[in-house]
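*Asks:* Below, each chain spelled out in residue letters.
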Amino acid sequence: ILNVEQSPQSLHVQEGDSTNFTCSFPSSNFYALHWYRWETAKSPEALFVMTLNGDEKKKGQISATLNTKEGYSYLYIKGSQPEDSATYLCAFKGDSSYKLIFGSGTRLLVRP
Amino acid sequence: KAGVTQTPRYLIKTRGQQVTLSCSPISGHRSVSWYQQTPGQGLQFLFEYFSETQRNKGNFPGRFSGRQFSNSRSEMNVSTLELGDSALYLCASSGTPDSGANVLTFGAGSRLTVL
Chain A
1226 ILNVEQSPQS LHVQEGDSTN FTCSFPSSNF YALHWYRWET AKSPEALFVM
1276 TLNGDEKKKG QISATLNTKE GYSYLYIKGS QPEDSATYLC AFKGDSSYKL
1326 IFGSGTRLLV RP
Chain B
317 KAGVTQTPRY LIKTRGQQVT LSCSPISGHR SVSWYQQTPG QGLQFLFEYF
367 SETQRNKGNF PGRFSGRQFS NSRSEMNVST LELGDSALYL CASSGTPDSG
417 ANVLTFGAGS RLTVL
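Residue numbers (the numbering used here), protein chains in the order written: chain A, 1226 to 1337; chain B, 317 to 431.
Honestly, I wouldn't trust all of these hints.
As the list claims (entries may be wrong) - Here are the simulated DSBU-like cross-link-like pairs (lysine-lysine), alpha carbons at most 30 angstroms apart as the crow flies: (1) K373(B) x K329(B); (2) K1294(A) x K373(B); (3) K1294(A) x K1284(A); (4) K1303(A) x K373(B); (5) K329(B) x K1283(A); (6) K1267(A) x K1294(A); (7) K1282(A) x K1267(A); (8) K1303(A) x K1282(A); (9) K1283(A) x K1294(A).
Stated by the list, open to error - Far from chain B, by Cβ distances over 12 angstroms, these chain A residues were calculated: (10) E1270; (11) Y1301; (12) Q1306; (13) A1316.
These are calculated hints, taken from the structure and not from any lab test. Heads up, the beta-carbon is just placed ideally off N, CA and C, and yes, glycines get one too.
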C-alpha cells in the first residue's frame, strides 16, 4: 500500500506570515507529484505538477520544490493572505499506476 | 469551456437503497476518475475510466461500481447503501490517463447522506 503523508495537518498563521508544508511520498517508481488547493465550498484546483527531481515551480506567492530521491515535496506560501486559506493537497503517481494517490491535506487558516 | 459537471449535487438516501451519480467531463477529456471524501480523510480513489474501460480501481467493496459511455460521461453506482457511504463524491477529468503530468479538473461533487 502506497502512503502519501502531509504535515502539518493544520496550520493557523497571521496575514503576512510565510509558511510551508510537507508532502512525503514513496521514493521509488516516481512519476509525478501534484499539488491542489481546495477552498471551502469549491472544487480542488490544480496548483502544480512536477515530474523531475529538483523541480521548482512558482505561481504568484506560492512555490513548490521536489526531491524524488528522498521522497518529499515542499509547498511555500510567502506573505500569506486570508484568501490563501484552504486545504492544500498533494498527490503522487507512480510509474506503474494510472491513479493519483492523495495525501490527507494540510488545512491552512490565515487570520487577518 | 464548460467545466466538469456532476449531478445531483446533494442527495439523501436511506440504508439499503442504491444511488447513481453522474459526471460529465470537460469536452475533449477522455479520462474520468472518481474519489470519495469523508470527514477526516483525504480523497480516496474509487476508479478511473478511459475510453469506456476501467483502467484502475481502488480498495472499495463491490457495491461500488461505475461505467463510462462513448461520449466520456461517467456514472458511479453504490448499491445497498450503508451509513458509512455518506460522503462527498468527486469526479475529475483529464486529457489522458497515460501521463501523470496531466492535471485533474474536478467537479463540484455530489454530497450523499445516508440515513
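*Asks:* None of the hints should be skipped; say for each whether it holds.
*Replies:* Hints versus structure:
1. K373(B) x K329(B): holds, 24 angstroms
2. K1294(A) x K373(B): Roughly 28 angstroms separates the two Cα atoms, so the pair holds.
3. K1294(A) x K1284(A): holds, 24 angstroms
4. K1303(A) x K373(B): Cα-Cα ~38 angstroms, so violated.
5. K329(B) x K1283(A): The given pair, whose Cα atoms are some 44 angstroms apart, is violated under the 30 angstroms limit.
6. K1267(A) x K1294(A): violated, 34 angstroms
7. K1282(A) x K1267(A): holds, 23 angstroms
8. K1303(A) x K1282(A): holds, 14 angstroms
9. K1283(A) x K1294(A): Given that 30 angstroms is the threshold and the Cα spacing comes to 21 angstroms, the pair holds.
10. E1270: violated, 8 angstroms
11. Y1301: Holds, because the least Cβ-Cβ distance between Y1301(A) and chain B comes to about 20 angstroms, which exceeds 12 angstroms.
12. Q1306: holds, 23 angstroms
13. A1316: violated, 8 angstroms
Violated hints for the displayed structure, listed by number in ascending order: 4, 5, 6, 10, 13.
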